[in-house]
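Heads up: the sequence shown at position 436 corresponds to 448 in my numbering, and the numbers run straight through without jumps.
Incorrect hints may have been included.
Once the Cα atoms are required to be at most 27 Å apart in a straight line, the calculated DSS-like pairs of lysine-lysine come out as [to be verified]:
#1 K437 to K393
#2 K219 to K192
#3 K250 to K117
#4 K354 to K343
#5 K393 to K259
#6 K117 to K232
#7 K34 to K232
#8 K109 to K153
#9 K96 to K250
#10 K360 to K343
#11 K428 to K443
#12 K403 to K232
#13 K403 to K235
#14 K219 to K354
#15 K403 to K259
#16 K125 to K153
#17 K192 to K232
#18 K235 to K393
#19 K34 to K109
#20 K235 to K117
Derived DEER-like restraints, expressed as beta-carbon distance ranges [claimed, not checked]:
#21 F231 to V449: 36 to 42 Å
#22 G317 to T138: 24 to 30 Å
#23 Y340 to T238: 20 to 26 Å
#24 K153 to T330: 40 to 46 Å
Hint data in this document are derived by calculation from the structure and do not stem from the laboratory.
Heads up, the beta-carbon is just placed ideally off N, CA and C, and yes, glycines get one too.
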Amino acid sequence: MIEADRRSGTMNLYESETVELKEIYTPDIKKEIVAFANTNGGTIYVGVQDNGEIVGLTNADFVMQQISNSLRDSVRPDVSMFTKIELLQEENKFLIKLTVSQGTKRPYYLSDKGLKPTGVYVRSGTTSAPASEDAIRMMIKMTDGDSFENNRSLIQELTFTSLNQEMERRNLEFSEVQMKNLGILSADDIYTNMGLLVSDQCQHSIKFAVFQGLDKLVFKDRKELTGSLFAQLTDAYKTIDFYNGTKATFHDLLRADERDYPEDSVREALLNAIVHRDYSFSGSTIINLYSDRLEIISLGGLVTGLSLEAVMLGASQTRNEKLASLFYRMKLIEAYGTGISKIISCYKGLPVQPKFENVEGAFRVVLPNTHSHEISVEDEKYLPILRLFEKQNEITRSDVEEALGIGTTYAINMLKEMLDKELIKKVGSGKLTRYVVK
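Let the hints inform the model, and build the full structure from the sequences given.
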């Protein structure tokens, strides 16, 4: 608050929500600048004590230069257009008046701290306080709009090792200019959420779980895949491929190897889940592998206004346009709206068919195991043991114990039941006992 004493003509200064008094210049002044720019604006006086007494500055020109440098080097985005530095004289003493207006690109932050509470300040009463993460997100949304991809990332210390490797593999340029064209960097050289998604520091993940049988009662394996979306895509495909069994069939004298899950269907389902999910949700993409099916669940469901029936007809509305454009440019997807039709074509003529389910907040793709129908329901429990033969010609009791995580007695009983059902055949005896598939 500034008041002019009518009798003396002097200024009386008081700290308030919009006024900050500084006796001397200190680097911490940048916090006050950020706080005013993020809130309702305000004025900073340098050369005035907290009690309002004007003490003046002996080196006012130098201090003005320091403030100007601090505005340019220490605050992002550029806040200089919302500030005005003036040199005032009062009672033969020089002081500096720094006026800060509310900025249009909030939140403003300290460049060495980033878009986090230690770098973003707001005005609260007569102090400048760190903003909460929720407040930071709200400012970003109010300034940048609702597009998750275009919003500024809360994390600005990003690296792009995985993306750079993928670009090099395809002989594509990955310069700063390209990063701006792809939407990874904003025009103000600030990383966007698009940049965060394809960076090594991506906050989203894929949770992969393998279950024994048809339900979630018994875990066989679980892992979380992290890093850039490109790294997650590669790791997820490799993990599924490891469990994707192969069965040999013969047509006359020709042998054909068929996978439990057609590789193209797995690829398309993974790409759809990664490219089209709603990343404003913080949860993970879920992949569940059962003995008879593979389920991939992505968050967000279909884009509002797009029905499952329309998607089945080939209609498409991209939620993450920049991400889809990058995947298209890298030839990971061929055209928009063809993923589901490709999955369906992979199962053409088979007795089992994929399923697609859309509910509020989630979309699920169910890929059936093309070979699971060949085993009766009562024999489902033997599938994990039968799958051991996909990697080796013969197995031992110890192999069964290790693969299923069961004890010796249970393993012996399981193998005996399978022998009785003629699912496997015993070779050798004693310590040399082996089992082969019939």
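Discussion item. When the structure is checked against the list of hints, which entries are broken? Sort them ascending.
Written reply: Hint check: 2, 3, 6, 7, 8, 9, 17, 20, 21, 22 and 24 fail, others pass.
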